[in-house]
Every structure is written in C-alpha cells, then in structure tokens.
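Visitor: Residues per chain, in single letters:
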Amino acid sequence: MRKINFISFIILFLSSLSLHAQVTNVVASLNNSKAVIHLHLSDISPDEILKSLSENQTAEITFELRLYKKTEKFGLSPAILTKEISSVQSGRWIPVTEQYTISTGDKTFYYKKSEPFLISFLSEEFTFTLPESSKATYYCVTRIRLIPLKFMAPFNLLEPFFRNYSRTSPWTRVELTG
Amino acid sequence: MIKKKIRQPVLAGVLSILLLYIVLILMILLFAGKILSDISSGVSLVKLRYLAFSLVLPLFLITSIIINIYRLIKQRKNKAPGATFKTKLLIFFTFISLLSSIPQGILALSFINSAMESWFSSGFGEAMHGGLQIAIDYNRLVSREIKSFSGSHIFENILDQMFTSPDRMWLTVKSIHPMIDALEIFDDNGNTILILGDDRITGTVLNPSIGEGTISRSKQGDRSILKIRRNFSKDGIRYSAVISTVLPDNFDTNASNITRTIQLFSQFQNLHSAFFLVLIFFFTYFSLPILLLSILASFLLSDEIIKPVVHLEEAISRVMEGDYSHRILSKQKDDLANLVNSFNRMVAELEQSRQNLVQNEKVSAWQEIAQRMAHEIKNPLTPIKLSAQRILKKYSKEPESLDKVLAPSIAAIIAEVENLTKLIQQFRDFAKMPVPHPVKMNIKNHIEQLVTLYSGSFSEIDMDISGVKDISLNADPDQLKSIFSNLISNAVESLKGRKGKISIRADEIVKGNSRYCRIQIQDTGTGMDRDMKDKIFNPYFTTKDGGTGLGLPIVERMIAEHKGQIWFESEKGVGTTFFIDLPIELRAGVFV
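Residue numbers (the numbering used here), protein chains in the order written: chain C, 50 to 227; chain R, 13 to 604.
Just chain C, with the same shape it has in the complex:
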C-alpha cells in the first residue's frame, strides 16, 4: 500500500476522474416461479485485489439486485420495484493459516488457492421465488460495486475523496423468462 502524503492526496483526488469500466455478467434462469440469478464481475484485474490482500488489507464486493414487475400503465414509471436484495462479501488473506477467506454475513469460507477464491469472491447467486398468482412479467437490474482496498474505521472517512476507491459497474438489465 503506497503512502499518501499531502501532495499525492491532492493529485489522487484530482486525477480520480477517470472511471474504470467494469462489466456485470448476469445469467438468469426461471423455473416454476423460482428465479436464480448468477452475477459475476468481469474485466477486473485480479492482481489489484490479490496485492491488496497480500498487504493484510480487505477487499469488499457488493452485489445489488432489484426486481421489477412490468406494468401496462403509461407513465413515468412503467415498472414496480418488487424486491431489492444486496449481498456484501469481504475477502481477506489470513497469513497464519495461509488461507483466503470470504466473509458474508455470519459465514466464512476458506480457500487455499487464489483462483477459486477469486471466482467465488467476484460471483454471487441470488435465489428467490416470484409471486405465484401473477401472470406478470418481471425483469431485474443488477450492479456490482468492488472496493479492492477497503478503508477501516476511521479512515473510511476518506472514501468520498477517492473516486477511484470503488469500481461500480453500470446497472445491467435481465429479463426473467421461463
């Protein structure tokens, strides 16, 4: 982790206008009202994450999903937000056990190798059931936000001053069809 002094802080702050283009790969399937949405963040350099972890830092990834029900009404909002799910995963390297870990909620998963860790870390699967009675059609939009190096408290106060701090993919729309 590079030391940030006064001048480099200003330069970093001003030069953080460049945005990185990340892509959310979404695979959706619908079977008897049961929807399975698989999300994966691609076009990301794994070295940046692994370097951060090797320096005893934490990486964080947030998967967001919004489920919309289509309506036939004309207006400003032709769809109704039905469900909103998000999942946060924290990735770390434990030097004592020499393992990568992914913590999500109360659960922790351990990985000996970086490849399966990265695949798992950059992926998430949401499973939910659509309302049965409805014949309406649904679609969902997804977004992934990656923080390669998560600032701990109280340094998270600096987050708004580093636009390059997190990489957020654009919202990706997926139609849910059986």
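Hints may be right or wrong, so weigh each one.
Stated by the list, open to error - If you want the footprint, here are the derived chain C segments under chain R, 3+ residues with CB under 8 Å:
| id | stretch |
| --- | --- |
| 1 | 102-109 |
| 2 | 131-145 |
| 3 | 201-214 |
To be verified - Mimicking SDA-like on lysine to any residue, the simulated pairs with C-alpha atoms at most 20 Å apart in a straight line are:
| id | chain 1 | residue 1 | chain 2 | residue 2 |
| --- | --- | --- | --- | --- |
| 4 | R | 231 | C | 150 |
| 5 | C | 118 | C | 223 |
| 6 | R | 231 | C | 158 |
| 7 | C | 156 | R | 234 |
| 8 | R | 46 | C | 202 |
| 9 | R | 513 | R | 479 |
| 10 | R | 416 | R | 395 |
| 11 | R | 456 | R | 522 |
| 12 | C | 162 | R | 155 |
Since the hints were derived computationally from the structure, they do not count as laboratory data. We treat Cβ as the ideally placed atom computed from N, Cα and C, and that holds for glycine.
With chain C fixed as given, assemble chain R onto it according to the hints.
Guide: Quick look at chain R alone, frame taken from chain C:
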C-alpha cells in the same frame, strides 16, 4: 406604536439567527448521529452525500453577509451616520470570532493527531507484526510436527496395536507427541472403527479430496483443529488414521484480530496525512457556518449598538439646523439612556434659553426702538417748538411784520411734521409686517428681472448671475423682490461708485429631510468690521446718510416669515456675501 415598529425588524433578525443556529445544530447532530456512527462501524459512507445539502446553510449565510457588506459599503459611501463605527464593530466581532474558533480548531485537531500518533506508534506496529509472526511460526510448527509424526515409521508401528491394545496405543502416541488430542481410525469405506482421545473434536467425515498428509483445518466453536490423514494397511486391509490437534482457544480469532490491527496500522501509516487534511476539511465545514453566523449576528448586534449613536447624531444635526423641538426616544434600562436623557434635557434647556434670548432681544429691540423713536420724535419737536415760539414772539412784539416769519416757520413746522409722519409710517411698516402670500415662482426669472434694472443704472458694476439655477419654490414675489432689492442696493452702495462685481447664485441644497434654495449675494465692496457685523440686523442701525436702519431688520423679518434663514460672511476690504436659505416646499398654510 413607534417603538413596536422599530423593534419588529430586530426581533425578526434575532429569530432568523436563532433559527439558523437550530438548523446548524441539527446538521451537526445528523453528522454526529448518523455519519459518525457509520464511520465508527466501518461501513461505506453513503450517507455522507447528504452533507452536500447542508451546503445550503453556509451559502445562504455567505449571501446574507455579502448583502450586508454591500449595504455597509453603500452606507459608508453615503457617509451615513454610524457607518464607520459599525464597520469597526464588525471587524472587531469577526476578529473575536476567529480568535475563539481558530485556537479551538488547532487544539482539537492537534489532540486527534497526537492521540493517533501515540496509539499507532512504530512500537505498536512492530509488536503487532511480531505477534503475527509468532502466530505464523506456532501454526507452522504444530503443522510440521503432526505432519512429521503422521508420516513417521514410529506412528506406523504404533498403529499395529490398534486392535490389541488401543488404550496403550493412545498413551504411546500422547507420550511421544503430547500436542495430539485425538486419533480416529477409519476403514476403507470411511466408517469410523476407533476413536481415541478428546471425543469432542472427533467425528471426522473423510473427505476424498483431501489426500494423505494434507493438513485440513476445521473450527469447533472458538477452537481451531488441525487434522492430518495417514493411510495404512494391516493384514491386507486398508485403513485411514486421522490425527487431530487443537490449537489454543481463540487462536484463529486472535490471529485474525492481529491481522486486522496490522491492516489498520498499515492504513494509518499510509493515510494519516490525508486523514488529517480531511479532518481539517470537516472541521472547517462545520465551524465555517458558526463563524458566518456569528458575523451575521454581529451585523444585527452592531446595528443595535449604533442605533442610539445614530439617533444622537441625527438629533444633533436637527438641533444644529435650528429644530430644538426634536427629542430622542430611548428604551428604558438602556445603557445609553442616561446619555440620551442628558441630551434631551440639554436640548430642552437650549430651547428655553433660546426663547429667553429671543424674548430679551425683543425687549432690547423695543427699548432701543423706543429710545430711537423718542430721539427721532424729539429732534423735529425742537424746530417745531422754535418755529412756533418765533411766530408767537413776532406776533407779540411786531405783529405787523408777522408775515415775514409766518411762512418760513409754518413751512418748517410742516416739513418736520412730514418727517414725523414718514418716521411713523416706517415704524408701522416694521411693526406690522404684511402677511406673505406664497405662490409657485421661479427664482431665476425673478432675479434676472431685478438685476436688469440695476445693470442699466450701474454700468461700472459687473453683475454676474450665471450661478443662479433654475429652481421653483413657493414664496411671496413682492417680499422676495423687496429682500433682493435691499441686499443688492446695499451691495451697490458698498462699492461706493467704484468698479466692482456683484455675483448672485442660487442652488438647491438638502438639510435634514428638507430641501432648500440657497441664494448667495456676493460683492467686492468695502466689507464690514467686527463692530458693524454685530449690529447690522439691529433696528435703526445704519452707516448710510439718510438711512433709517430698518432695511436689514425688515429683510430678516421677511425671511423668517418664509421659514428661512439669513446670515453673512464679510471681510474688511474684501467684500461681503449674504446667504439666504428658503424652503422649496413651503405651503401657504405655514404662513398663516
């Protein structure tokens, strides 16, 4: 009612500042309650974007201050009463606010910085890295030990006793390697056939993916268990042995905590300069509105402070203009009330003194008039008496030659009586001034007509009226004609037939809340000495042969009837300038 009206803007100002202060407190509470809790819990500061809304407050305050500064600059430009004093007060209040806030900021930020520096000292980092290294070394040591033991021939030999004397086998294992806490034997199908040691950490399910010699790690509550598998054959049958060893309680958790602390320490080392800058930013972000609010409050406060001074200054101006009826309204218990009351008393006493002076002057004037009248009447009485005595004497001694003295004596008596009549008429004119009848008139046209008469008669005198502006006012044209004729005649006579110049100008001026027409009649005549200056408005004072000494008193009286003022400046040998101020918007009603 007047007081109520005056207090309303002050009350509104105080309430506005109070409201802004409450908004500021709410903003700080929001930051403290919502955002600071997010900072301490380490979650992403999504709510921080709401702080952008709070920019409205400092922007509003800056706008208000700019407006007030603009007004103040305008007041200073117009030389409004109290503007300089107000500026000094504002600078003083701002300076005091800065003096109080800057040391607090420096102290708070220095305290935070020094506290963080001491918490995350280099010794702390070394201790954390050392602790982590100890944990890594211990974990490696234990792993290596049990891995070495599981692969050894000794362990293979010990396993021969698994059916004959398992307890002895376990004791042998423990005696060789006390760190081993459990031993499980599985058949080829993965079924448990023997459990030795701590049964709380047994119950291993053989994972085909984990081959022989691989260390696997599992957690049971706050305990971490290392397991290693060893395959062996006995009597031609394949078995698997799993050795388990328990790491000290909370080993993994503590190691993880050490890693997190190192993570924090590393972030401190790399980010503390930027963090300190951001702290300064946030401190400024929240202290700037307080500073702006105090500056805005100082505008209100300075207005309140200078208000009595402004009233006092205005009142003094009014008194200087001759309005002795003006009084200052002061609030009770006000610190400046004594000053205001003293001023009001002083003005009341001045008014009383002025009235007494006027009364005394009137008495003196009438006494002088009476003396002059007696003298003037006495003067013709002597020739009358002498003429009458002459007629009587002639009549008694030489009646036949009476006709010789009768005609001249009677003629002398008639002449003296006519003088008396003329004197009485002038006195009547002075005593009973006709009521002026003001009409809308143009002062320029009026003066031009009058000056034309004099220009024709006195060619040696340069009459300059180029300074007379086109001003309309309400006045009695006949009385104005009389006033200007008198003053121009005096100016002409002061030149004593020499070449000279008489300049007349008329300008519009503002005194207090009233507009006036100021007329100046300047001559390059002989001027007046000090003794003369003191007496020229006294009735019957004259320096001219045959003068009555009532011209200037009548002029002064007429101007006073027009609610105007007359005064003069004169220097012996240089000349004299008479100034007349006549109100422009004088209505007919004020004359009656």
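Visitor: Now, for every hint given, state plainly whether the structure supports it.
Guide: Now the hints, each set against the structure:
1. 102-109: Held - the stretch 102-109 of chain C has 4 residues with a Cβ nearer than 8 Å to chain R, which meets the minimum of three.
2. 131-145: holds (count 4)
3. 201-214: holds (count 10)
4. 231(R) <-> 150(C): Distance ~14 Å between residue 231(R) and residue 150(C) Cα, so the pair holds.
5. 118(C) <-> 223(C): holds, 12 Å
6. 231(R) <-> 158(C): holds, 12 Å
7. 156(C) <-> 234(R): Status holds; Cα separation ~14 Å.
8. 46(R) <-> 202(C): holds, 14 Å
9. 513(R) <-> 479(R): Roughly 14 Å separates the two Cα atoms, so the pair holds.
10. 416(R) <-> 395(R): holds, 17 Å
11. 456(R) <-> 522(R): Holds. Residue 456(R) to residue 522(R) sits at ~19 Å (cutoff 20 Å).
12. 162(C) <-> 155(R): Given that 20 Å is the threshold and the Cα spacing comes to 18 Å, the pair holds.
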